[in-house]
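Q: Given next are the chains, with one letter for each unit.
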Amino acid sequence: MRVAKLFRKTMFGIFVLFGVIALSTSALCVYTVDRQLSSEYEANSRAIAQTIANSSTDIILNRDLSTLQSLIDQFKEIQGIKYVYIVNEEGDILAHTFVPGVPKAILAGDRVKLATVDRRLPGFGEFIEVSSPILDGIAGSVHVGMDKGLIALKIQTAIGQQVYLISIIFIVSIVGSFFLVNLAAKPLGRLGGYATQLAAPAAPASITPEDVQALLERNDEVGQLARLFRHLAARDTSWAPR
Amino acid sequence: MRIALLGLALALALSSVPAAREGPAAEGVTANQIVVGMSAPFTGASRSLGIELYRGSMAYFSEINRAGGVHGRRIALKAYDDGYQPDQAIKNTLKLMLEDKVFLLFDYVGTPTVTRVLPLLKKYDALHFRLFFPFTGAQPQREPPYDRLAVNLRASYQQETAGLVDNFLKIGRSRIAVFYQADAYGRSGWVGVREALAAHNLKIVAEATYTRGTKYTESLDRQVAIVEEAHPDAVISVGAYAACAAFIRDARKAGLTVPIANVSFVGSESMLELLTAASKADGHDYTVNLVNSQVVPSYENPGVPAVKEYLALMDKYHPLPPAGLAGADYKPLPHSFVSLEGFLNAKLLVEVLNRMGPDPARAKIEPTVSGIDAFELGMGPPISFAGQRNQGSDAIYYTTVEHGRFVPIRDWKAWSK
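Protein chains in written order, with our numbering: chain X, 1 to 242; chain Y, 1 to 417.
Same shape as in the complex, but just chain Y:
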């Protein structure tokens, strides 16, 4: 009898080893799963950004999960819709952190949302929550006091806009106007343009704004009039695809033919889809003289290892939009810069989780991330977080529309003044 009881106790002790291994610091981690939380727009005028980012990440997670997961744990992506509204993003984040108890936050979309969520991370600093790879190039999560709380993969808007300004100046286009979203995201891009011009003793010649959530069907004639009055050599747009496409359409209709540049957040394919449809309807080509900066390489280039992998896994899994969040009318894009970014985010996150070993804990995130130095993600330049960097990549790629597709710009001189 005594031997039987000892045997039972030993069996119980052995069976409890995995649970003990997790410990209290491993919220969001079970014996067979790691849950990461996402808040993004899956409805509204910017839904394509959230949906495609999610789909890109899911393509990679699906492959990893199929192969057995990370140290035997599958990765689950718990997503909530915030409609690109800051207050809803805060509510979603609180839910993810305190109710769902996810392991970490991942793939958030937007500057106005992320800038409002950062103080929450600060408030719950003791829980060691970290936000991985937000889909925004804004400064707040790159600078104190929040730089420690977020891990960025993509280059910043300041880098993107500075690159656009420098390239325009090189071809003699110095009168630069800005069209931007009237919120933290737009301001972030506006600052980038302003500072890049200031470095050349220049100023923004005109600026026009629009309200977040503006639909493509709305008229942006008033904004076009403000910009046109200053006779700019180029316009840099810092907005979302629906409003930026509407601005381009109305600007071209008004006879403003100068190059119009957009930053990576815009959602290039969704914007192009709207402009292509409008071009067909109006008999006017709205896709000429467009320049889009990107923070990931072109998905048209399978010579880049990560792009090749992305194309293969997107075609293999055809990831669906998050169940119950996105409308049934949404048509997923076969490939896009946004889903490629989601894919790369997922790939780098898996690398971080792998490096954490079989006992992941939030407290291990910071040292693990800072240990990533010159890591080959397969997108081109290596990724580094060493030396207290909180942004892995500085790479920017410039694209334009040719034959209905975004292709890399080979020569800016085509737009020389």
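With the rest of the complex left out, here is chain X:
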């Protein structure tokens, strides 16, 4: 009973502590991973857009759009890149990687404008879109969409791994604390039994003479207390065994 009470309190303490650790580290993880990945993806997208813009100048000027399509198809295989489209100086789309078609939001938008934008495309997902001009914009521009869903997935994975690790540590702590609490509570229980025996010698003994002997021989605080109880009982005749 005493062990269970002590253990419940200990477990509650551990649970609160681990809850605080899990929440705070997860929040920090979300913030850090999101910030770092977003900035890394944006930088990668910009580099890819610039690469395509630089290498597509001749192709566009030669009006060979199937080669241009081959070029952007290769970049689409890079992890995180969800779409690429190239527009001419008038905003007409010359090549793209959308299936089953160019989203209405892009068809309706200003495709000549060069800016980094967050896009939510129904049926496709959420993206960071970066642009790069071709020949300083006079031959059009390249637009690359990086999947924000991938960032969310990576965050989820990182948090999942963290929670998994914390859960393992939590379980080990519970088992460990149970063992340690039990280790501390057992002699206390015997001490309690000895004290009861001293106080009410007529009552049925809850502790054997061997346990009493072992208790009195302990050289820790429990042993000291047991010896103190025996001493006090010896001085106070009302405590003395009859």
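Calculated from the structure, these hints are not laboratory results. Keep in mind that a hint or two might mislead.
[As the list claims (entries may be wrong)] Capping the alpha-carbon separation at 35 Å, the derived lysine-lysine pairs in DSBU-like fashion look like this:
#1 Y/LYS101 / Y/LYS364
#2 X/LYS76 / Y/LYS215
#3 X/LYS104 / Y/LYS253
#4 X/LYS76 / Y/LYS78
#5 Y/LYS170 / Y/LYS413
#6 X/LYS154 / Y/LYS91
#7 Y/LYS364 / X/LYS76
#8 Y/LYS215 / X/LYS104
[As the list claims (entries may be wrong)] Which chain Y residues stay away from chain X? Per the calculated CB distances, all over 10 Å, these:
#9 GLU27
#10 ALA76
#11 PRO144
#12 ARG187
#13 LEU220
#14 ALA374
Virtual Cβ for every residue (Gly too), placed ideally from N, Cα, C.
Once you have looked at the hints, place chain Y on chain X.
A: Just chain Y, lined up with the frame of chain X:
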């Protein structure tokens, strides 16, 4: 003794004449064989194209080999499967060029594959490799910087799509939508439609795409919805047979009854086979209002000399799919536009090899090809590569489905708006 040694030396010298004749420039050519290399899809959603092209070529090569070959050398066609995937096509090409050391490349299938292989030919330009008669009408191998590296027989997609647009406009169908494969092939056809419409101050009214390798069993309802929303007068499809058949099926189911046209690459018979089976299963005729442009004449017309020869040799040899590459479940088509094209490719290649004489060399390819002028291949209009042309034929034939077969279109007015 001295006389015996002289005799032996003379005998050795004489026996080494053929080997010396080949020289270092004649890789892929031995005393009794010329090896040509092919990379094409023999597996996957477009396998019918590779297999039938191969079979058509083999029908002609078998006849030539049986008759003693070209200047005494048999023609061997070494084929690899690329599954219609560009990266695999590159690997196959490197193998053919550097390990197998074939004499030339032949019968490649597909725009996304060929456009990625062309830079390889440029890289190994010193070896004088040339790609003969790729099964694609795309522009890259017809225009600088790669026009010199490839020799085309068929008309281009731009010519095919321009012809389709012009014919639709003549019958009052000006709202044209495009359904195309999301890659270089689809883009090539899309450009053709776009430019043909631009010449009439018109624009594509809607466009929908699909991913290369899409299977017939997949739904293309989303693509149909995009096209249908624009209320087109006609749809031009630039794709492979499985996806195009799926699009036609879903479009007809959705009530889109306008003419749907396909370009030659589609693999007409394979597409028709799928649609006919679906029609029987669903009780709905999916084969109406179909228009397919072709770059070879109809194999239903034995009045064309090359077609007559093709029909005879296909029936004589019943060429098999390439051993070990195509699945055992593939049922070869008795006749098809694709195998006819393979046949014509082989026939023209044999003509080129013949003209090179008994000492073929890659360096001789270019002058030999450009010497072909007004050559009667037997398919109709004569073939010419003179005047720096790198495309032998400009002929386009339009067909439609009647009684379960593709037949030439006699009158477009049947689809007048």
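Q: Against each hint, give a clear statement of whether it holds in the structure.
A: Do the hints match the structure? See the list:
Under the criterion of a C-alpha separation no larger than 35 Å, the hint pairing Y/LYS101 with Y/LYS364 is consistent with the structure, at around 17 Å. At roughly 21 Å between alpha-carbon atoms, X/LYS76 and Y/LYS215 fall within 35 Å of each other, so this suggested pair holds. Between X/LYS104 and Y/LYS253 the alpha-carbon distance is near 24 Å, which keeps this suggested pair within the 35 Å criterion. The suggested pairing of X/LYS76 with Y/LYS78 holds, with an alpha-carbon distance near 32 Å, which does not exceed 35 Å.
Distance hint between Y/LYS170 and Y/LYS413 is fulfilled; the C-alpha atoms sit about 9 Å from each other, no more than 35 Å. For the hint pairing X/LYS154 with Y/LYS91, the CA-to-CA distance comes to about 33 Å; that is within 35 Å, so the pair holds. The hinted pair formed by Y/LYS364 and X/LYS76 fails the criterion: a straight-line CA distance of about 40 Å is larger than 35 Å. With a C-alpha separation of about 26 Å, the suggested pairing of Y/LYS215 with X/LYS104 holds against the 35 Å cut-off.
Y/GLU27, annotated as away from the interface, keeps every beta carbon of chain X farther than 10 Å; the closest lies near 29 Å. No Cβ of chain X comes within 10 Å of the Cβ of Y/ALA76; the nearest lies about 31 Å off, and the non-interface call holds. Residue placement check: Y/PRO144 does not keep its beta carbon more than 10 Å from all beta carbons of chain X (closest about 8 Å). Taking the minimum C-beta to C-beta distance to chain X, about 4 Å, the non-interface status of Y/ARG187 is violated against the 10 Å cut.
Consistency note on Y/LEU220: stated as away from chain X, yet its beta-carbon is not over 10 Å from all of that chain's, at 8 Å minimum. Chain X leaves Y/ALA374 outside its interface by the beta-carbon criterion, the shortest separation being 29 Å against a cut-off of 10 Å.
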